[in-house]
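> These are the residues of each chain, in order.
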Amino acid sequence: MRRRDLLAGAAALTATAAGGAYAFGVVDVSDDGGIEPFELETLEAPGSDAGTAIVPEPGRVTFLELFATWCDVCAQTMPTKGDVFDEYAETDLQFVSVTNEPIGNTVTRDDVVDWWETHEGRWPVAMDGDLELTQTLDAAGVPYSFVLDENNVVTWSNYGRTSADGLQSAIGSQLDD
Amino acid sequence: MTPDPRPVDRRTFLQATAVAGATVAVAGCAGSDDDGTDNVVLPPPEDYDEVVAEEMAIPTYGEQVPELAAPDPIRDVDVTTTQFVGDSHSMYTFVFTRCEEACSGLMANLRHAQEDSINEGYDDELVLLNVTFDPEYDTAEVLDQYERDYSIDQDVGNFYSLRPETPAEAEEFVTDGFGVAFEEDESHGHGDDDDHGNGHDNGHDDNDDHDNGHDDNGHDGDRVHYAHTNLILFVNRDGYVERAYHPDVPTPADVIEDVQTVVEGW
Numbered sequence: 001m002r003r004r005d006l007l008a009g010a011a012a013l014t015a016t017a018a019g020g021a022y023a024f025g026v027v028d029v030s031d032d033g034g035i036e037p038f039e040l041e042t043l044e045a046p047g048s049d050a051g052t053a054i055v056p057e058p059g060r061v062t063f064l065e066l067f068a069t070w071c072d073v074c075a076q077t078m079p080t081k082g083d084v085f086d087e088y089a090e091t092d093l094q095f096v097s098v099t100n101e102p103i104g105n106t107v108t109r110d111d112v113v114d115w116w117e118t119h120e121g122r123w124p125v126a127m128d129g130d131l132e133l134t135q136t137l138d139a140a141g142v143p144y145s146f147v148l149d150e151n152n153v154v155t156w157s158n159y160g161r162t163s164a165d166g167l168q169s170a171i172g173s174q175l176d177d
Numbered sequence: 178m179t180p181d182p183r184p185v186d187r188r189t190f191l192q193a194t195a196v197a198g199a200t201v202a203v204a205g206c207a208g209s210d211d212d213g214t215d216n217v218v219l220p221p222p223e224d225y226d227e228v229v230a231e232e233m234a235i236p237t238y239g240e241q242v243p244e245l246a247a248p249d250p251i252r253d254v255d256v257t258t259t260q261f262v263g264d265s266h267s268m269y270t271f272v273f274t275r276c277e278e279a280c281s282g283l284m285a286n287l288r289h290a291q292e293d294s295i296n297e298g299y300d301d302e303l304v305l306l307n308v309t310f311d312p313e314y315d316t317a318e319v320l321d322q323y324e325r326d327y328s329i330d331q332d333v334g335n336f337y338s339l340r341p342e343t344p345a346e347a348e349e350f351v352t353d354g355f356g357v358a359f360e361e362d363e364s365h366g367h368g369d370d371d372d373h374g375n376g377h378d379n380g381h382d383d384n385d386d387h388d389n390g391h392d393d394n395g396h397d398g399d400r401v402h403y404a405h406t407n408l409i410l411f412v413n414r415d416g417y418v419e420r421a422y423h424p425d426v427p428t429p430a431d432v433i434e435d436v437q438t439v440v441e442g443w
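Sequence lines, in order, name chains A and B.
Quick note on our numbering: the first sequence kicks off at 1 and runs consecutively.
Quick note on our numbering: the second sequence kicks off at 178 and runs consecutively.
In case anyone wonders, no lab produced these hints; they're calculated from the structure.
A virtual CB, placed ideally from N, CA and C, is assigned to each residue, including glycine.
A couple of the hints might just be wrong.
Claimed, not checked - What follows is a set of in silico ranges between Cβ atoms, one per label pair, in the way DEER data are often shown: (1) G47/A with N296/B: 23 to 33 Å; (2) D130/A with G298/B: 12 to 22 Å; (3) Q168/A with D226/B: 42 to 52 Å; (4) E36/A with D226/B: 24 to 34 Å; (5) D110/A with E231/B: 42 to 52 Å; (6) Y225/B with D130/A: 26 to 36 Å; (7) T316/B with T52/A: 36 to 46 Å; (8) N296/B with D92/A: 34 to 44 Å.
Turn these sequences into a full structure, and let the hints guide you.
Following this line, the structure appears as structure tokens:
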């Protein structure tokens, strides 16, 4: 029983230390308010090479979407994202989808790649295996879309469906700056 | 280990040291004897107010899980909430499967917790229970598909889908028992209907042409909508609430961290 108290104390400390602008802690918010980038594993899939990516990449405007293969809305909105990706393909925009579902037990990397092919993904796709990015963005569901500026400051976010117009306007206003 | 930030009663601390010294490295923590939280591992949630908590409809931190029973039609067993006391920690959430919004986040948290329990080898110490409050639509077949859609591991044996058999029984279990209110939302599609507080711009805009007729029994299926309380309830092996995640849907990393803390601290 005493051990419980000790752990409780440790957990309380963690919570206190985290604090800050984000409810769930562990965010290393830099002076300009941007979030810490994470090195995520990328998958070998259409538009995506196996390896790693820095997400969100400092110095670039980033559009990122958190998704999962079980998520119907994620699948239904892939064509919209595809249209937007095509429109900005020639720009310096970082455009990346990140699955935050657990990979390895009931869902494999191959399952994600199959899903990606089925839904005509054609841009980098990565995995938030440690859930750090998800936690940092405080994303309580999928699909959750974010636009971040060159300093990794979130300038727009949306949970659920996104219209192409809304997405273009959110991205365009950052690229034009 | 760094000192606990809370005020420490030195005598209590010394006693604790004496008791615990033989088995673990000790840091300064006097325990929490004064707030009735002897039965839990986790510290109180941030901004915890015992008076406010007591008035909430949902079971909150340090309270006992209500005793209720409902069948799991997939596994063909009756499950009573208290049957896990003395045996496993448990985690509950409450959804309707046609939900496109917060429910997926709630269910995903259980999915993540199950995965972690398997990966870290504590799947025999944690039970996950998804409870539907829409039994008329959420039949055994629908619930089974729902589990499969979320890639729930159906072989490991620590996941249940509970289905109170009638709307009245659903209300008794979910609302009267767990304080989770739900109501079919006649006007749905206005984006303020699920209080997950993320300021999202709602999941229905693209479908407004479907919304106005409100075809609840029609099987355009997923167009039915309930306003409902978001709750994930994490109950420890002794039957006490470690965390009531509410009203916002938590992110899985936070839930897993809490679960691991309790599993390791038990």
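> Does each hint fit the structure? Answer for all of them.
Status of the hints after comparison with the structure:
no.	hint	verdict
1	G47/A with N296/B: 23 to 33 Å	holds, 29 Å
2	D130/A with G298/B: 12 to 22 Å	holds, 18 Å
3	Q168/A with D226/B: 42 to 52 Å	holds, 44 Å
4	E36/A with D226/B: 24 to 34 Å	holds, 32 Å
5	D110/A with E231/B: 42 to 52 Å	holds, 50 Å
6	Y225/B with D130/A: 26 to 36 Å	holds, 28 Å
7	T316/B with T52/A: 36 to 46 Å	holds, 44 Å
8	N296/B with D92/A: 34 to 44 Å	holds, 38 Å
When each numbered hint is compared with the structure, no violation occurs for any of them.
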